[in-house]
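Asker: Using the sequences and the accompanying hints, generate a full structural model.
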Amino acid sequence: MATRWVLHLDMDAFFASVEQLTRPTLRGRPVLVGGVGGRGVVAGASYESRVFGARSAMPMLQAKRLVGAAAVVLPPRGVVYGTASRRVFETVRTLVPVLEQLSFDEAFGEPTDLAGAAEPEVEAFCAELRSRVLAVTGLVASVGAGSGKQVAKIASGLAKPDGIRVIDRDEEATLLAGLPVRRLWGIGPVAEDRLHRLGIETIGALAALSEAEVANILGATVGPALHRLARGVDDRPVAENAPAKQISAESTFAQDLTTIAQLREAIGPIGDHAHKRLTKDGRGARTVTVKLKRSDMSTLTRSATLPYATTEATTLIGTARRLLLDPVEIGPVRLVGVGFSGLSQVQQEPLFPDLETVEQTSDDAAPVTLADVAATAPAWRVGDDVAHTDHGHGWVQGAGHGVMTVRFETRGTGPGPARTFRADDPALTRANPVDSLDWPDFVEEMARHQNTP
1 MATRWVLHLD
11 MDAFFASVEQ
21 LTRPTLRGRP
31 VLVGGVGGRG
41 VVAGASYESR
51 VFGARSAMPM
61 LQAKRLVGAA
71 AVVLPPRGVV
81 YGTASRRVFE
91 TVRTLVPVLE
101 QLSFDEAFGE
111 PTDLAGAAEP
121 EVEAFCAELR
131 SRVLAVTGLV
141 ASVGAGSGKQ
151 VAKIASGLAK
161 PDGIRVIDRD
171 EEATLLAGLP
181 VRRLWGIGPV
191 AEDRLHRLGI
201 ETIGALAALS
211 EAEVANILGA
221 TVGPALHRLA
231 RGVDDRPVAE
241 NAPAKQISAE
251 STFAQDLTTI
261 AQLREAIGPI
271 GDHAHKRLTK
281 DGRGARTVTV
291 KLKRSDMSTL
301 TRSATLPYAT
311 TEATTLIGTA
321 RRLLLDPVEI
331 GPVRLVGVGF
341 SGLSQVQQEP
351 LFPDLETVEQ
361 TSDDAAPVTL
371 ADVAATAPAW
381 RVGDDVAHTD
391 HGHGWVQGAG
401 HGVMTVRFET
411 RGTGPGPART
421 FRADDPALTR
431 ANPVDSLDWP
441 DFVEEMARHQ
451 NTP
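Residue numbering for the sequence shown follows the UniProt record's numbering, beginning at 1 and increasing consecutively.
By construction, these hints were calculated from the structure, which means they are not laboratory data. Every residue, glycine too, gets a C-beta built ideally from N, C-alpha and C.
With a straight-line cut-off of 20 Å between C-alpha atoms, the simulated SDA-like cross-links for lysine to any residue are:
#1 Lys293 to Glu329
#2 Lys280 to Ser341
#3 Lys280 to Pro75
#4 Lys276 to Glu106
#5 Lys293 to Ile247
#6 Lys280 to Val73
#7 Lys245 to Arg86
Label pairs and their calculated CB-CB ranges:
#8 Pro97 to Ala447: 19 to 29 Å
#9 Arg197 to Arg236: 25 to 35 Å
#10 Gly268 to Gln62: 14 to 24 Å
#11 Gly412 to Arg197: 52 to 62 Å
#12 Glu444 to Ala212: 52 to 62 Å
#13 Pro417 to Lys280: 27 to 37 Å
Answerer: So this is what it looks like as structure tokens:
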């Protein structure tokens with residue numbers, strides 16, 4: 001194992017970078033991707049916005065205040081990120097056949113060709129990998145390399161943005177020793193606080209403890225594993241992940257919910273959390289399930305299946321909200337859960353051209369229809385993809401008071417012109433967001449693979 005090289009590839013500011021790739025006018029501008037409502041959270045921030053202090057997981061209102069009037073705030077387009085992610089990692093696999101993909105934008109690999117290689121050879125390999133991804137997709141990746149997953153992940157963090165960092169075995173111990181203990185994979189805020197209260201601030205300080213001491217502080221199972229990582233011992237293999245069949249989130253409440261209004265308010269944040277996990281996964285969902293656990297500990301579940309797999313939060317969470325049952329009829333509710341299943345790669349979001357009845361499993365309730373879901377979809381909003389009969393594909397830069405400004409551009413066009421229209425102009429229709437990538441051959445190939453039994 002001493003001769004192995006593990007790579008960690010991490011796409012730079014992936015969500016925002018995809019927006020800048022497909023909407024060339026945004027290149028060099030501070031882009032924030034995420035929820036645009038009052039409780040919205042940043043899902044991705046471009047490096048131009050990070051210089052102001054904006055970052056992922058920050059409340060959107062706070063990020064907008066930090067960046068100021070120059071901020072460009074866009075809703076997530078999971079279908080586009082999923083397609084771009086697939087092309088990135090198909091490209092990576094031409095050099096690294098076995099990948100352990102962690103999310104849309106990062107993965108581990110262990111190229112057999114690098115076993116026993118010297119540092120310059122590893123760096124050249126990483127350079128070729130980054131160059132190939134950039135040439136095929138137009139997106140930038142940072143790559144780290146080390147003797148195991150832990151060191152490789154730390155190395156890619158040190159390489160950002162737009163770089164390579166190879167950590168040789170001779171420098172591993174010194175490098176790890178000086179890093180904050182939170183940088184160790186598996187140390188969260190609770191464990192970090194516990195260690196800090198004991199005066200353990202760095203990975204080196206954790207490594208200096210005995211295994212028994214670490215087990216006493218962090219637990220008999222987790223402690224020894226983290227102690228090994230702190231000492232640079234990491235022989236975990238790189239292996240393909242089996243895709244999850246369902247993504248969900250749930251919450252138990254200190255006091256039972258007794259009204260439908262309380263349930264509707266509660267399901268929003270739970271649905272948002274499940275949707276964030278879905279966005280990170282990179283696939284769309286076709287089936288929405290709501291789980292309600294009553295005060296007597298019995299559980300009711302209801303599900304609805306949409307005609308399309310989608311990543312659109314409005315559609316998925318709106319469907320979950322319509323599946324709720326009134327506590328006045330079923331009794332007080334102590335736990336609420338939202339699950340997304342029927343997961344698949346998505347080439348097109350539902351655009352509601354033909355409203356269909358949604359399949360449903362429930363107890364004595366009116367059927368949920370796609371028309372119900374569509375009714376809650378907003379009118380034109382900033383970031384929507386549109387198609388014009390004369391000008392082609394574009395996106396909404398501004399909308400309100402019955403008019404909208406559309407910027408007509410895609411990845412392949414370069415910065416495009418802006419035009420203003422009436423919001424009800426019949427020449428404008430909703431467009432497939434994937435078309436903004438301008439990869440027709442790749443998207444067609446994806447569709448063929450998905451439809452092949």
